[in-house]
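These protein sequence lines map, in sequence, to chains G and Z.
Residue numbering for the first sequence follows this note's numbering, beginning at 1 and increasing consecutively.
Residue numbering for the second sequence follows this note's numbering, beginning at 1 and increasing consecutively.
Derived from the structure by calculation, the hints contain no laboratory data.
C-beta: ideal position from N, C-alpha, C; glycine also.
Accuracy of the hints is not assured; some may be wrong.
What follows is a set of in silico ranges between Cβ atoms, one per label pair, in the way DEER data are often shown [unchecked claim]:
| no. | chain 1 | residue 1 | chain 2 | residue 2 | range |
| --- | --- | --- | --- | --- | --- |
| 1 | Z | V35 | G | A120 | 27 to 37 Å |
| 2 | G | L65 | Z | W104 | 22 to 32 Å |
| 3 | Z | A96 | G | R98 | 44 to 54 Å |
| 4 | Z | L113 | G | L65 | 18 to 28 Å |
Output of the computed footprint for chain Z on chain G, the stretches with three or more beta carbons under 8 Å from beta carbons of chain Z [stated by the list, open to error]:
| no. | region |
| --- | --- |
| 5 | 61 to 68 |
| 6 | 201 to 214 |
In silico contact screen, one side only, chain G against chain Z (beta carbon under 8 Å); selected entries [as the list claims (entries may be wrong)]:
| no. | residue |
| --- | --- |
| 7 | F47 |
| 8 | V72 |
| 9 | G73 |
| 10 | F76 |
| 11 | S78 |
| 12 | H84 |
| 13 | I145 |
| 14 | F178 |
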Amino acid sequence: MDGVRVRYGQTLAVRDVTLSVAPSEILALLGPSGCGKTTLLRTIAGFIRAEAGRVLVDGAGIDHLPPGKRGVGIVFQSYALFPHMTAAQNVAYGLEARGRPKAEIIRRVEAALAAVRMDAFGARRPGALSGGQQQRIALARALAIEPSILLLDEPFAALDRSLRLDLQLEIKRIQRRFGVTCVLVTHDQDEAMSMADRMAVMRGGEVEQVGPPAEVYDSPATAFVAGFVGTTNRLHGRVEAREGAAYRVRLDVGATVTAESPRGFAAGDRVLLCARPEQLALRPAEDADPAAWPARLRLSMPLGPALIHDVEAGTAELKLHQSRHGPPPPPGPVRVALLPGARPSLFPASLSPEGDSA
Amino acid sequence: MHRLTGADRLVALVIIALAAIGFLILVGPVLIVLVTSFTSSRALRFPPPGLTFRWYLELFDPVRSAQIHVAALNSLLVATLTAISATALATGAALAVARTRAGWARFAEGAFLAPLVLPGIAFGLASLMFFSWLHQPPSLLLLVAGHTMIATPFALRTVGASAAGMDAALLESSAVLGASPWRTFRRVVLPLIMPGVAAGAFLSFVSSLDNVPVSLFLSSAQTDMLPIRLWGMMETALDVRVAAASGVLVTGAFVLLLVMDRAVGLTRRMSV
């Protein structure tokens, strides 16, 4: 995608987005609703015409092609299976529309159904299938025409949580086997983290950061990304001094910490420090370390092998994530500090007012 | 167990009474006509003094009721053509309106439905003047055109309801899978809106079959229509064959309704 811009009436839904997807890669478009990710997907599919910019596949522009000639397959959130046809007829639909010979259609429908492990359900109508089964049929239907790009529009949103992980793994496995390039639209960061090779975090029609999920999680480019991908603790402070690649920051909660940042700050700048729940640690209340700040533990909640601590430090609410050993500590006064070696992110404080909603 | 209070019972009684009155008003007159059509008397009077089939035999007598037969065949032909053209028009209009959210679509929908509230007699006169201005002699095709105007809104309502319930993603899926718009219409859209199309065709057929105001202005001696002929027979002789013809029409409509319900109900079950 090269400088793609889409406008709905007066609103710019997608602002000059340039993105590339490598062959056989899964790229996730992640963002809150209204960020333009679905619009972008629909532009690739050819349902929407971009006002400016181009969509290229293997270097060739496809903007002039109708949806059916772009070599894309799509799985909708609603699956959009044809209710009056059987599962096998649904899968055969694209092949029939392309005028393939009957014998080939039969063979490829069987292969596609087998690939999604639905061979036994070919004669059923969508109404007689569960949500997960319908999704597999939708996937088989999209893959049967052997698209070069597979578009997934919130494909797991309508599924039970317990079913989601299974199907995410399965789709990823099938995607690997078919070697199909895949663009996944989702507002669920866990889904993007688990499915995608790279993710593009979008807000307000623009891409804020593109990168592998781990990189986006570990070094978010903006405070918004830090808040949207994973959980983040936001602590306001002021830069005291620069120490090599790091900055010494006086936090408003009453502690002085050092944090590295690729961004340049001057002494006295207001900054926002974003720390992951697993980057913070509880200390005893009588700890005198100047890098730890006073806080009050309100609640501890077990979550599988971990403990989530709900902590109040001045006006800031913090979440801490620790591995669980022994009984949870009693609520009361504590101190909180950055774990040694933790790499929180620093952002200019003035540029992140909207990030608070995430 | 929930116990019925006195007030609950009263409400139930009132509802049942209202339902009974409604049933009586709607069905009662039809029953009277049906019973009268079997009368042994020469007069259209209720209750009949005795019951016979003689009026039905006379109605189907090819010599004595030849004029009625001509009018009935005209009516059936016009109703069939009207059902086809009204349903085709309504399907196109309903799909166009369902597919767009633009303001003109809402306006167009209102305009399409306008003939429902337009007084039939005014429309009949208008169409007569319009066609004579175009120097068109009376013909069955003119009747089809006039009836289509009246019948299309009925079909538009039923097809529109079916089309509105259709997921737009189905059309997009079809397009992405490489189907042409015509193929999408034939393989996806039409099967899914079939209940609405069938119901629309049925309503158009019936509304054409018993249309009086438009036929009154547009029919002629050569293009006699059944309701007009029956009315003429009533005016001149209070002929009991009118009651027999009504009996045939009511029975025909009822049978058609049952068939439709079976067919459409079946498609609806199949499309779940």
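A quick look at each hint next to the structure:
no., hint, verdict
1, Z:V35 - G:A120: 27 to 37 Å, "violated (59 Å)"
2, G:L65 - Z:W104: 22 to 32 Å, "holds (29 Å)"
3, Z:A96 - G:R98: 44 to 54 Å, "violated (27 Å)"
4, Z:L113 - G:L65: 18 to 28 Å, "violated (39 Å)"
5, 61 to 68, "holds (count 3)"
6, 201 to 214, "violated (count 0)"
7, F47, "holds (6 Å)"
8, V72, "holds (6 Å)"
9, G73, "holds (7 Å)"
10, F76, "holds (4 Å)"
11, S78, "holds (5 Å)"
12, H84, "holds (4 Å)"
13, I145, "holds (6 Å)"
14, F178, "violated (17 Å)"
Violated hints, in rising order: 1, 3, 4, 6 and 14; the structure is consistent with all others.
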